[in-house]
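*Asks:* So the protein sequences, as listed, match chains A and B.
All residue numbers for the first sequence refer to my numbering, where the first residue is 1 and numbers rise by one.
All residue numbers for the second sequence refer to my numbering, where the first residue is 1 and numbers rise by one.
Treat the hints as calculated values from the structure; they're not laboratory data.
Glycine residues also receive a C-beta, built at the ideal position from the N, C-alpha and C atoms.
Watch out, some of these pointers could steer you wrong.
Label pairs and their computed distance ranges (CB to CB) [claimed, not checked]:
{"id": "1", "chain 1": "B", "residue 1": "A118", "chain 2": "A", "residue 2": "R135", "range": "37 to 43 Å"}
{"id": "2", "chain 1": "B", "residue 1": "H183", "chain 2": "A", "residue 2": "A128", "range": "37 to 43 Å"}
{"id": "3", "chain 1": "A", "residue 1": "A138", "chain 2": "B", "residue 2": "R91", "range": "30 to 36 Å"}
{"id": "4", "chain 1": "A", "residue 1": "A19", "chain 2": "B", "residue 2": "A120", "range": "48 to 54 Å"}
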Amino acid sequence: MNAPVADDWREALHESLKASGIDLVAYVPDAGHQRLIELAEADPAVAAVALTSEEEGIGLAAGAWLGGRRAVVLMQSSGVGNCVNAIASLSRACSLPLLLLVTMRGEWGEGNPWQVPMGQAVAPVLEALGVVVLRADAAADVLPVVEAAARMSFAGGPPVAVLIGQRVIGAKVFAR
Amino acid sequence: MSTALPERRAVVAALLAARGDLLVVSGLGGTTWDVAAAGDDPANAYLWGAMGLAVPTGLGLALAQPARRVLVVTGDGEMLMGLGSLATVARARPANLAIVVIDNERYGETGGQRTHTAAATDLAAVARGAGLAASETLRDLAAVTALRARIHGSDGPLFAVVKVAPGNGPMVLPPRDGALLQHRFRAALGVDQGD
Ligand SMILES: Cc1ncc(C[n+]2csc(CCOP(=O)(O)OP(=O)(O)O)c2C)c(N)n1
Ligand SMILES: [Mg+2]
Chain A
1 MNAPVADDWR
11 EALHESLKAS
21 GIDLVAYVPD
31 AGHQRLIELA
41 EADPAVAAVA
51 LTSEEEGIGL
61 AAGAWLGGRR
71 AVVLMQSSGV
81 GNCVNAIASL
91 SRACSLPLLL
101 LVTMRGEWGE
111 GNPWQVPMGQ
121 AVAPVLEALG
131 VVVLRADAAA
141 DVLPVVEAAA
151 RMSFAGGPPV
161 AVLIGQRVIG
171 AKVFAR
Chain B
1 MSTALPERRA
11 VVAALLAARG
21 DLLVVSGLGG
31 TTWDVAAAGD
41 DPANAYLWGA
51 MGLAVPTGLG
61 LALAQPARRV
71 LVVTGDGEML
81 MGLGSLATVA
91 RARPANLAIV
101 VIDNERYGET
111 GGQRTHTAAA
121 TDLAAVARGA
131 GLAASETLRD
141 LAAVTALRAR
151 IHGSDGPLFA
161 VVKVAPGNGP
171 MVLPPRDGAL
181 LQHRFRAALG
191 VDQGD
């Protein structure tokens, strides 16, 4: 189980995404995004799209932008590895905006060593792709950082990823 | 089969005949050249890369433009790389989305290597299994003309495979600058207003 954390920043984040004109939420579930996914699924003003793989989210966001709609893609850090060619060959190749919210694993008290290699590769991989990487390492940072990221990317800027630190989410404990 | 399979350029031209306000996404390689050969249009979102992402791109567009019909035309190889997206479409159930796979049973663009559809895979059955009930395989132009009518007139999501003769035809190249393509597409839809 995840360590319990206050959910208020997720409620505020849901409202703030809508205030930024983002009403399409694509996701592959992660425990760290659970509440935000529930809020999106329950909100009739938001289209929540469950993906089978994170790279679909890059195509979905591209198509939405072509049609005049703003999307956000939620994933855990492993999912970044599934998006590499999509970000390079679609978002970057067409100078499309892109907003990724990535809940980090493999960086803070991680109990599953299989998460560590990709978790540690997330920032350098995204940077190699030309994605601007912003971090939120305290619950109070999440909202302003996501707002800044959305403004920057949808203004015609580069793809922006917000990495929500594992310390904010709470490290997953594998106990027996 | 006794009758010869249709030529892909004729199939795509029939799909896009009298297209009206249809929005089109084409998969990298062969189908992008086919769609360009049928006549360049700012409402064509040509992919020059991003293999496996034609269907997700079409889904995003369909969700953004629910009043417009959206057609994804892509190759069998491109579709095989993104099979999971069929389950995503089935779950999202966009009524205005149609997906047509131009199936030459080859990776035409890279030298004509046999794809999995030549060996074992029935893409229409895969789509049905993913949850797209309106899924079929077509083998002649008359059926394609009937499909064109359904794309404009019936609720989707629709999925069809069109088996076509081998041979990709000459390359017909649309603009290749991705930024230009996205801006002219958005301008044509009236959504490019200095966000
Ligand atoms: C991720 C990725 N892998 C491989 C390629 C090389 N590639 C380009 S087009 C293509 C074949 C496409 O086949 P299909 O979709 O059936 O189109 P056809 O040319 O047969 O119409 C391949 C493998 C690529 N562009 N991207
Ligand atoms: Mg092919």
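*Asks:* Each hint needs a verdict: does it hold in this structure or not?
*Replies:* Going down the list of hints, with the structure as the test:
1. B:A118 to A:R135: 37 to 43 Å: Hint violated: Cβ distance 48 Å, outside 37 to 43 Å.
2. B:H183 to A:A128: 37 to 43 Å: violated (26 Å)
3. A:A138 to B:R91: 30 to 36 Å: Holds - the Cβ-Cβ distance for A138 (chain A) and R91 (chain B), about 35 Å, lies within 30 to 36 Å.
4. A:A19 to B:A120: 48 to 54 Å: holds (50 Å)
The structure is inconsistent with the numbered hints 1, 2, although it conforms to all the rest.
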